Amino acid sequence: MAKLTFSIGGIHPADSKRARDCKIETLPLPPKVYVSMFQHLGAMAKPVVAVGDHVKAGQMIAEPGGFISAYIHSPVSGTVTAIGPRKDLAGFNQMHVEIQVEGDEWAEGIDLGPELVTAIPEDRDFILDRIKMNGVVGLGGATFPTHVKLNPPPGKKADCLIINGAECEPFLTSDFRILLERTDEIVVGAAIMQKVLGGCPCVIGIEENKPEALAAVRASLQRLGYPGIRVETLKKRYPQGGEKQLIDAVMHRQVRSGGLPIDVGAVVQNVATSLAVYEAVQKNKPLVTNVLTVTGDVIDPARQHNYLFRIGMPLSFIAEYAGGVPEGTKKIVSGGPMMGKAIANMDAATVKGSSSILYLGAATQRHAATPCISCGRCADACPMGLEPFLLKKLYAASDVEGLEKNAAQDCIECGCCQYSCPAYVPLLDNIRMAKAQVMAVIRARNAKK
Amino acid sequence: MTNTIIWTVVILTVLGLVLSLVLFWVARKFRVEEDPRIDDIEKTLPGANCGGCGFAGCRAFADAAVKAGNLDSNYCPVGGAEVMKKVAAILGCEVAESAPMVAVVRCAGSCQARPKINEYQGERSCKVKAGLYGGDTGCLFGCLGCGDCVAACAFGALSMNGETGLPEVDESKCTACGKCTAACPKHIIELRNKGPRGIREFVSCVNKDKGPAVRKACSAACIGCGLCAKTCTHDAITLADNVAYIDFAKCKLCRECEAVCPTGAIHGVGFPKPLDKEAVKQRIAERKAKAAEAAKLETAVKKEDNNG
Chain D
1 MAKLTFSIGG IHPADSKRAR DCKIETLPLP PKVYVSMFQH LGAMAKPVVA
51 VGDHVKAGQM IAEPGGFISA YIHSPVSGTV TAIGPRKDLA GFNQMHVEIQ
101 VEGDEWAEGI DLGPELVTAI PEDRDFILDR IKMNGVVGLG GATFPTHVKL
151 NPPPGKKADC LIINGAECEP FLTSDFRILL ERTDEIVVGA AIMQKVLGGC
201 PCVIGIEENK PEALAAVRAS LQRLGYPGIR VETLKKRYPQ GGEKQLIDAV
251 MHRQVRSGGL PIDVGAVVQN VATSLAVYEA VQKNKPLVTN VLTVTGDVID
301 PARQHNYLFR IGMPLSFIAE YAGGVPEGTK KIVSGGPMMG KAIANMDAAT
351 VKGSSSILYL GAATQRHAAT PCISCGRCAD ACPMGLEPFL LKKLYAASDV
401 EGLEKNAAQD CIECGCCQYS CPAYVPLLDN IRMAKAQVMA VIRARNAKK
Chain B
1 MTNTIIWTVV ILTVLGLVLS LVLFWVARKF RVEEDPRIDD IEKTLPGANC
51 GGCGFAGCRA FADAAVKAGN LDSNYCPVGG AEVMKKVAAI LGCEVAESAP
101 MVAVVRCAGS CQARPKINEY QGERSCKVKA GLYGGDTGCL FGCLGCGDCV
151 AACAFGALSM NGETGLPEVD ESKCTACGKC TAACPKHIIE LRNKGPRGIR
201 EFVSCVNKDK GPAVRKACSA ACIGCGLCAK TCTHDAITLA DNVAYIDFAK
251 CKLCRECEAV CPTGAIHGVG FPKPLDKEAV KQRIAERKAK AAEAAKLETA
301 VKKEDNNG
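Top to bottom, those sequences are chains D and B.
Taking this note's numbering as reference, the numbering of the first sequence is continuous, increasing by one, and the terminal residue is 449.
Taking this note's numbering as reference, the numbering of the second sequence is continuous, increasing by one, and the terminal residue is 308.
The following block holds chain B by itself, in its conformation from the complex (with noise of 0.2 Å):
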């Protein structure tokens, strides 16, 4: 009985020792030399692995980033510019600053201003919704309510509000990751700039039918009438398909477009007071007389020009 423990601690003694040694010489010899800043990178980023980077996860990120030495084609749009300072660091090179976005949803068709013209009964999928059919109001390129972006979010930002069956984004946990615009069928969610101190303006459609379809199918559509082009003095808006569209990049958010608006299609998030449309409506046309005043001195001096 005594024998056999000590045969058996013995040769399992003896077996570990040996196989240690195996192991040991098979690390050495085989050993993968691995950059230490991979893993330290891999540690600063958020680990969400939401793929929102444009690779795999953080750690292909990581990789991606160490191997090509800048952070020229790498961003996380989930950690930000705080996380991308400190990987920089890491790598020791410089980040080009990046300004915050955010998801938004870009169709206001709520069940009151775009009445339902039939009832969909089938799977509760926008994507196999939009393949079977044009949807169950007049708008065909509008939001099918069946929350494929709520079930991509992998940080519970989106959500269904049940009064309007349009989504909500919550801006504190949305980290523009992209994975809703990719979700969405219809392509009506766009990441856009998040904007100083969260203010920003859009157009909330992407109808690109013709006015008086999208009237008649939506209250809140945007009937491409350009008005909002033509008012705009940043060249920031451009009008295509029938449909208007505001570059963030140069929009001075000075809200004249909003005010113009006659169908309340771009819509102004997080100013500190509401629109006095009237008083806006009153500065273009002053700054049109303006302008009127101004052309015709122009004319006039130029008369005078030829005639002298």
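The shape of chain D in the complex, shown without the other chains (with noise of 0.2 Å):
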């Protein structure tokens, strides 16, 4: 069959999938676990428990603080030690509860079997409930809350859900490894989001260089025999994986700028998102782990692992299990080499989106800029059809109307400009800058409206 992907732009990095054989293993527990309290896109949570309180693994701590925003629950059992400002892995100052653990004991209602529930509940309120209360955001990287997403404004329908199992980004193999391990619970969720959005197609892409991955999704939908959902193979591009690229790729439709995926009748999410939702609706347990790969282009290859965390690990611990920083090592970063951010404090705790620890060398260190040449090869890779040398002219002269006339609030911060430029001009440090200053702009006028 042939092998599908988006229209305009895309890079083609080494893939780098260097932990890919590695098993998912559990972490232990750390002494404490830091949770912070702003770990998806919207308002901040509100905590709801004091200091002093005891907690158990799975309860609720923090409540949403807005429409957009999610429920946080606590990952340990223990005592909430403190609750305040710690810095987040930018060194911002972020609100985090601290929680003393002690033992492991889990909340009431949680199911901790490994045995597969395939029934899928009837009500969708039900199943729309269980998403939120287990406060189930995108784990693709966004972390949009998934209960929103699930639920589009009256009018709109899905026409088709796409479960994002392409994984473009270098090096990171967090998703690999639970198409591998957790295939069944994987099509469950997927199969209980189809029934959510009223029994829409559902494609789960993958791209071509996971073949294992592609057989195990195979077998186990002809085992299971939800009908009505089906998986394409992905040609190896970047950014594959991303939402409106995806969306181009599988229904050859795309998302007008400023719209959004439902526009066009398509539900995007991750397969680990998927995972979430299965553990939510079916065993009702909380979003409180999620899978890390630590590995990188200076790590020695028998030190790489695919770790199952909790939320709230500081990242120096895991870093430390993990035998510690590998020698060589000139940057760590936290997501994937493309949009992973630099990790600026390693005593930064991992939120439910974290997905990896990458120790890259000297080999991948930034080259000092020099002026533009005026080639275009950054608008070539686009994939949003933008201009990024452009984009950042118009920063330099802060021109904001020009910024929103060029589209700026569509990049999706790929990278792929700033990879593709032979002047190695930082084009996407300043364009995720001039995005957040248009999106501000469009904010505003859109609260006065």
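Keep in mind the hints are simulated off the structure, nothing from the lab.
Since we're looking at a predicted model, the values are computed, not measured.
Mixed in with the good hints, there may be bad ones.
To be verified - Calculated lysine-lysine pairs in the DSSO-like style (CA-CA distance at most 30 Å, straight line):
#1 D/K283 / D/K3
#2 D/K46 / B/K116
#3 D/K341 / D/K331
#4 D/K341 / B/K127
#5 D/K32 / B/K127
#6 B/K116 / D/K330
#7 D/K405 / B/K127
#8 D/K330 / B/K303
#9 D/K3 / D/K235
Got two chains here, each in a separate frame; can you build the complex from them with the hints?
This is the structure:
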């Protein structure tokens, strides 16, 4: 069958999936966890526990701070020792709840058993409520609250649910590992979301560099026999896993500037989200665990790992457990090398969306920037059809109107422009800021209306 | 040949005459009456068009001043009192005396005082750096060192000191236009009173974190202990968000705060002699002893009054 891909831009970085054969291991519990109140898109969550309270693992400790926000649950059992600002991985102060770990006792009503529950609840509202109450957010990177995405506004209908198993970022293997080890759960999760969206067709998209995952999902689909779910092989191309790129690849539809996927009848969810939905709905288990890859280009292959972690674990704890920072490390990144953020503070805690600790060496260091030579490669590489060199100039001139006209707000921050720039111009740094500026202007204008 | 030349000259002369008449008529008919004082004021102003006054340029300043008829809401920080006096003379009004100001960098987090905990490789711009992450030191509030302020200064008064990694203000060139204060994303640079003979006192820190965290990040930072505020007899120092601030309008330059500050975050500039900390501390101690004695006496007197 033809391999699917998106129509414009994109790059082909080496996939470097060096930790692909490392089975998922469960991390031990640290002495203390720090649960951030800001680990989803939207409004900050409000803590509902006080210092001195005893909490159980899976107990709700924070409620949503707005419509687009999420519940947060305690990842461990223990005593709340502090609630206050703590530095996140970028070094900014965020509200955290600090919990001293005591034993590992889970809250009541959570099914921790390994058996697969295939019978899907009939009631749509019950499913949505479970997803919401268990704090499920999109784990593909943006951490958008899942119950909001699965509940399209009136008048809009989903024509297709896309389960995103592309994992186009180099190095990352967490999605690949859960596709292999938790295949059935992911398929059931997809079937649940399909039901919530009114039984639309569902496509599980996986890049061609993961043939084992493709075979496993195909076998699982045959075994479980849910109707209307199929697997599609995607070309290996970055950023194949971008929401809008995946819609283009699978449905051949383009989301207009400023539009949402649901405008073209698409809902995209990551495979890890699908697993979280399964656990939330079938097992009533809140989202307090996720899988993270410890890898990089300077790490000893034997010390690479895929870990099942609890949210709130300090990154330094995980790094130490994995054998410390390898020699030759110049930069530690959380998330993929393309879209991830350099970690400024290793004491920062993991969040729902944490996907990796990457140790990168001198070979991947940034080069010193030289002036733009107007070659236009960035514009060719941009999968959103933007002109990065122009956006940088407009940002330098503080021309917010011009930035909006040239759709800086459509940037998906994939980093293709910066990757392809032969002059090493830090394009994305500027465009990220420009995007934030334009979004603020648009929000202010909408608020006035 | 001759004919052609003659005809050319005649036609062009006639054309010129007719058009000049038209222009003359148009100029008379549509003449805009403009106050000649606007031109005069514009000539008096420095002509830097820096925008430090809040207007788009010197012409806009002059226009606004003439329209208002007074200088209540106009002040040229670049020209200072001298230029403002001349402008006031043109307008025939009074000008409020305003003390000269200067840009002050309120961060002393040099490379030695504030060790780097990571290395920044992104765009060399404070604005971008401030948005991307918390900075390459443990301090979230201090100077980022990419020099946005230096680039913003139209007078060449700011420069980066390679050794400390902090910007420095050349007082002789600074016009207090305020461009740098707007360019700094961390709001470290403040326009402060230049002070008598250039003598002034300020807190060189804006870190709002709590003491222990601040101390860990930077050895030259204000830890918000409040000793200075307690010592100050002129009510000039306020403590808000764990950081002290000296109100330059109230400060009497006694240097007591500077002597008691445990981290040296309070800086004195332009004093003829270096600060003798011990002498000042002794002076404070003596004053406090006297005050305690006086209080004792007062309570004793009160007691006697009550008894009697």
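> Can you name, in rising order, the numbers of the hints this structure does not satisfy?
Replying inline: 1, 2, 5, 8
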